[in-house]
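Residue numbers (the working numbering): 832 to 1168.
Mixed in with the good hints there might be a few duds.
[Unchecked claim] With a cut-off of at most 25 Å between alpha-carbon atoms, the simulated DSS-like pairs for lysine-lysine come out as follows:
| id | residue 1 | residue 2 |
| --- | --- | --- |
| 1 | 1017 | 1029 |
| 2 | 1164 | 941 |
| 3 | 1017 | 1154 |
| 4 | 1044 | 1017 |
| 5 | 1017 | 1131 |
| 6 | 1017 | 1036 |
| 7 | 1154 | 1029 |
| 8 | 1154 | 1164 |
These are computed hints drawn from the structure, not numbers from a lab.
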Amino acid sequence: MQNTRILLAARPDGWVDDSHFTQDTQPVPEPGDGQILLRTIYLSVDPYMRGRMNDTKSYIPPFQIGEPLSGGVVAEVVHSNHADFAVGDTVIGLLDWAEYSVSNGEGLRKVHAGGHPLSYHLGILGMPGLTAYVGLVEVGRVQAGESVFVTAASGAVGSVVGQIARNMDCYVAGSAGSDAKVAHLKNTLGFNDAFNYKSVDSVHKTIAGLFPKGINVAFENVGGAQFEAAIWNMAVFGRIALCGMIADYNISRSEMPAGPRGMTNLIGRNVTLQGFIVSNYPQAAPAWDAQCREWLAAGKMTYDESVAEGIGAAPGAFVGMMKGENFGKQIVKVGDE
832 MQNTRILLAA RPDGWVDDSH FTQDTQPVPE PGDGQILLRT IYLSVDPYMR
882 GRMNDTKSYI PPFQIGEPLS GGVVAEVVHS NHADFAVGDT VIGLLDWAEY
932 SVSNGEGLRK VHAGGHPLSY HLGILGMPGL TAYVGLVEVG RVQAGESVFV
982 TAASGAVGSV VGQIARNMDC YVAGSAGSDA KVAHLKNTLG FNDAFNYKSV
1032 DSVHKTIAGL FPKGINVAFE NVGGAQFEAA IWNMAVFGRI ALCGMIADYN
1082 ISRSEMPAGP RGMTNLIGRN VTLQGFIVSN YPQAAPAWDA QCREWLAAGK
1132 MTYDESVAEG IGAAPGAFVG MMKGENFGKQ IVKVGDE
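Kindly produce the complete structure, drawing on both the sequences and the hints.
Structure below.
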């Protein structure tokens, strides 16, 4: 059997496109002692991976040119030389973008469908869902009845943030990049309000109109003009959970804009601004898993997925996700469940 892999071809300086990826085909690897052979079912594409395409020091090592990219993967064990894993087990972990991969089991976790699609373990029951919970509850310290603003609100993380806030009886409004996404936020996900940041005359005035008493918790995924507008509209003792700044990820390093204005507002209004990495909050995972499953079972939580088919579709899915073309979580279906 042959194994197709997706490799990093070049490091982008600005927007990533198909030219930054390549693929190769090799024989399926043979697992050694203490190893398992895994068949990829689903792989995840996530915004943080854009930073790994740069050769810079960060909380996670960069991808290497000529080597496979890696990310969250749901896979099936098809051969095992490991006492803890049996053929037929389904696992999730950080694995290569490949149809098959070999692992020593480190960092892998067994999963089961449990009435939900296996792909949910890459989304609402995985890292994006936990990120939403940690950012809003642990970092944002949201309380029932508060006002919450979410950027990139229709994405994998933002859509969950909004629903958590709604289920906690908060007023929640969000921004998205199309009228269809705005309608989805209000009509399907239960946001109190939402707006298309690409078509409003002023993001700042729009947010001010939606939050006349100010924002208690801002969940920031985008950065740029939306982040700046949120800063100007924070309530006294407000909290900003800084999850991502996707507006800056594809800007050439030689053209990086100045930081947001209005930072003095954070002083006078006693606003807390905190960045976070979800992997630093493992203790929150059991609470989120239990709460999420309860809400899913009760119909109080829904989740959207954009699914690309085949390992060769992974680069295009990643590029499209960075441009905001996806609804909810972007995944790639590589093999059958």
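Comparing the hints with the structure gives:
no.: 1; hint: 1017 x 1029; verdict: holds, 17 Å
no.: 2; hint: 1164 x 941; verdict: holds, 19 Å
no.: 3; hint: 1017 x 1154; verdict: holds, 22 Å
no.: 4; hint: 1044 x 1017; verdict: holds, 21 Å
no.: 5; hint: 1017 x 1131; verdict: holds, 14 Å
no.: 6; hint: 1017 x 1036; verdict: holds, 20 Å
no.: 7; hint: 1154 x 1029; verdict: holds, 13 Å
no.: 8; hint: 1154 x 1164; verdict: holds, 20 Å
No hint from the list above goes unmet by this structure.
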